[in-house]
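A.B. asks: Okay, here's what each chain looks like letter by letter:
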Amino acid sequence: MTDTADPSAVDAQVRAATRAGLAVGLATAAYGVSFGALSVAAGLDVWQTCVLSLLMFTGGSQFALVGVLAAGGAAAGPAAIASAALLGARNALYGIRVKPLVGGGFWQKFAAAWLTIDESTAVSTAQTAPRAQRRGFWVTGAAVFVGWNLTTLIGALLGDALGDVRAYGLDAAAAAAFLGLLWPRLRRLQPIVVAIGAAVVAAVLTPWLPAGVPVLAAAVVAVAVGLTDWLGRRDASGSADPIVGDGGAP
Amino acid sequence: MTLWQIVLIGAIACLALKLLGYLVPASVLARPATARTADLITVALLAALISVQTLAVGTAIELDARIPALIVAAGLFALRVPFVVVVVAAAAVAALIRLWF
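From first to last, the protein sequence lines are chains R and B. Heads up: the first sequence is residues 1 to 250, going by my numbering. Heads up: the second sequence is residues 1001 to 1101, going by my numbering.
Looking at chain B on its own, in the form it has when it is part of the complex:
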């Protein structure tokens, strides 16, 4: 697949899902089990992405500066620091560790 195909197919799929909510009768998708599962899928995918983004390099597990950076980010989110500040802080922690070690 080319990157353009990935971008366009992915974008159209997400847009189609948005339209789906407006097209299907509410009773089909509004069951509690469906809503709950969709909600948990969001949680699971985000958690899995954090895990892979922090630990993986391709298909290998590699422990490096990303771990302390993520710990700092978690601490800052717990303190209700705004999103952008946390993301920049996490990048800075990883960059400084790589610079010094």
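Extracted from the complex, chain R is given alone in its bound form:
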């Protein structure tokens, strides 16, 4: 379908993409609160927490960074950074997919790269008309950015006021948050096997390595399975679909 195929149908799709983007922005904003609270619980201050949401702006990496710091403190810094970067690597692949859709010159591309996350990529690539793809990307990216940063601040201030986090079960909330990010990706056998293998590797290595390193070591499971395509699905297109369909965080 192209922009000129059927103007009214395209207009309808652009409106639908706009609505989808705003809805996704609203939904993800809600868990900015949990990120803000967990980040403060991990030992970061309110400013550091807000800088993460503004500059890093990719939820999985942010949760990972504060999760590793919560376990190992500042000494686990290198492992925390590496975990965040490894989790953020998928955004580079999203960039390849949405780059032709967003248009514009250098600064617009720069802003687009900043806003390239699970949600903006998913809403954009779900559209068929180029105008709707572009609208879906920008509305989703902007809505998630505004909501995520505002609610991160609220969560950080709340977490600051809470004090002892274990009494409120915030450590368990962090595990549940990671599970929520993982859940939509467990639709095929291959990722399920990788998830179980990685969880076991991380747990077994925990007593033997510094905090944070077992998480990185678990990535080896993914590399081994990914390169050999063990338990892979041989489909005609030959490309894995890395986009979260529903329920993922930024």
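Hints listed in this document are in silico derivations from the structure and should not be mistaken for laboratory results. Incorrect hints may have been included.
Rough simulated footprint, nothing fancy, chain R against chain B, three-plus residues with beta-carbon under 8 Å [said to hold, decoys possible]:
| hint | segment |
| --- | --- |
| 1 | 1008 to 1019 |
| 2 | 1042 to 1049 |
| 3 | 1059 to 1069 |
| 4 | 1085 to 1092 |
Note that this is a predicted model, so its numbers are computed, not measured. Every residue gets a Cβ at the ideal spot worked out from N, C-alpha and C, and that includes glycine.
Go by the hints and put chain B onto chain R.
C.D. replies: Chain B in isolation, oriented as in the chain R frame:
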């Protein structure tokens, strides 16, 4: 390392990765094996983080209220309960268990 250094280096690394997708020719990163592996790394890291977050205290394994909380969370996600509700429920389960036992 100070916390500020960790925050800034981590953030810049993640932003650089986003820019990378816009700068390199698509053919370099768009191979199926690369896409598949990147996807599985995301899965592996999230699973490893769940495991460590649920079982570890520093470098020790400690089985406590986090395990039932995670089981409740898994059940709620299976029932398609929204993210925030599940996270709050998991926290509540752990907090109540600690309060009562």
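A.B. asks: All hints, please: hold or fail.
C.D. replies: How the hints compare with the structure:
1. 1008 to 1019: holds (count 11)
2. 1042 to 1049: Holds: 8 residues of the segment 1042 to 1049 of chain B have a Cβ under 8 Å from chain R.
3. 1059 to 1069: holds (count 6)
4. 1085 to 1092: holds (count 7)
Of the numbered hints listed earlier, not one is contradicted by the structure.
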